[in-house]
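Chains as they are written, first to last, in our numbering: chain A, 1 to 113; chain B, 1001 to 1112.
Because the hints were derived from the structure by calculation, they are not lab data. Every residue gets a Cβ at the ideal spot worked out from N, C-alpha and C, and that includes glycine. You may find that some hints are simply not true.
Unchecked claim - Derived lysine-lysine pairs resembling DSSO-like cross-links, with alpha carbons at most 30 angstroms apart:
hint: 1; chain 1: B; residue 1: 1042; chain 2: A; residue 2: 14
hint: 2; chain 1: B; residue 1: 1002; chain 2: A; residue 2: 83
hint: 3; chain 1: A; residue 1: 70; chain 2: B; residue 2: 1045
hint: 4; chain 1: B; residue 1: 1002; chain 2: A; residue 2: 71
hint: 5; chain 1: A; residue 1: 70; chain 2: B; residue 2: 1042
hint: 6; chain 1: B; residue 1: 1042; chain 2: A; residue 2: 83
hint: 7; chain 1: B; residue 1: 1045; chain 2: A; residue 2: 57
hint: 8; chain 1: B; residue 1: 1079; chain 2: B; residue 2: 1045
hint: 9; chain 1: B; residue 1: 1099; chain 2: B; residue 2: 1042
hint: 10; chain 1: A; residue 1: 70; chain 2: B; residue 2: 1099
hint: 11; chain 1: B; residue 1: 1002; chain 2: B; residue 2: 1042
As the list claims (entries may be wrong) - Each pair of labels, with its calculated beta carbon distance range:
hint: 12; chain 1: B; residue 1: 1031; chain 2: A; residue 2: 51; range: 17 to 25 angstroms
hint: 13; chain 1: B; residue 1: 1074; chain 2: A; residue 2: 83; range: 35 to 43 angstroms
hint: 14; chain 1: A; residue 1: 63; chain 2: B; residue 2: 1065; range: 32 to 40 angstroms
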Amino acid sequence: DGGITQSPKYLFRKEGQNVTLSCEQNLNHDAMYWYRQDPGQGLRLIYYSQIVNDFQKGDIAEGYSVSREKKESFPLTVTSAQKNPTAFYLCASRVRGQPNEQFFGPGTRLTVL
Amino acid sequence: RKEVEQDPGPFNVPEGATVAFNCTYSNSASQSFFWYRQDCRKEPKLLMSVYSSGNEDGRFTAQLNRASQYISLLIRDSKLSDSATYLCVVNTRNTGFQKLVFGTGTRLLVSP
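Required output: the full structure, derived from the provided sequences and hints.
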């Protein structure tokens, strides 16, 4: 089945530790995105990538880093510089050039203790 | 002012009721519009796109008013399974990049 997978579903980390969230898609989509969702707020864009080996900062990139070495994979690292990392992180992808539907992964709920 | 604004609700309605949500957007250059549904602690999923002429999908009707910059979603004959958060989403172009802007969502609770 085609889709987007994110792992792990739940993640707990101590303050000051970097953590990497996985996002893999087998939809052959060019564009991939990372969002975070906090209670009472809409999804906010962290980083996006429209093609392999290229990525751009979104609205709230500070304290995060990404890589796009393969079309299928777009991992997100939450660094110790991110001041409020506890959130629900969602990865999405779409066909580049199509302004329509983004397909979302199931999300990773990160809690920093 | 937020780019996309929605009433957070919750809207509490009985089964069989008709309920309507509105959403306003601030960027007049916005190009396309969507309603996504998000269940509790799950990912958003596309419910329907919103076209200028209005569109219907079963019990769901979406309308767009570009002049007033608002979008609406009407749900007829509500089911228990319609309970969810409905996200208004607007696609805008920003320096060549097409970006989705999400509202905070309107929560719907359908009761027996």
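Okay, the hints, checked on the actual structure:
1. 1042/B to 14/A: Between residue 1042/B and residue 14/A the Cα gap is close to 24 angstroms, so the pair holds against 30 angstroms.
2. 1002/B to 83/A: Given pair residue 1002/B, residue 83/A holds - Cα atoms ~23 angstroms apart, limit 30 angstroms.
3. 70/A to 1045/B: Within the cut-off at roughly 25 angstroms; holds.
4. 1002/B to 71/A: Violated, because 33 angstroms separates the two Cα atoms, which is more than 30 angstroms.
5. 70/A to 1042/B: Roughly 26 angstroms between the alpha carbons, so the hint for residue 70/A and residue 1042/B holds.
6. 1042/B to 83/A: holds, 24 angstroms
7. 1045/B to 57/A: holds, 24 angstroms
8. 1079/B to 1045/B: At roughly 18 angstroms apart (the allowed maximum being 30 angstroms), residue 1045/B and residue 1079/B satisfy the hint.
9. 1099/B to 1042/B: holds, 22 angstroms
10. 70/A to 1099/B: holds, 22 angstroms
11. 1002/B to 1042/B: Holds - the C-alpha atoms of residue 1042/B and residue 1002/B are around 24 angstroms apart, at most 30 angstroms.
12. 1031/B to 51/A: 17 to 25 angstroms: Because 21 angstroms falls inside the window, the suggested range holds.
13. 1074/B to 83/A: 35 to 43 angstroms: holds, 41 angstroms
14. 63/A to 1065/B: 32 to 40 angstroms: holds, 39 angstroms
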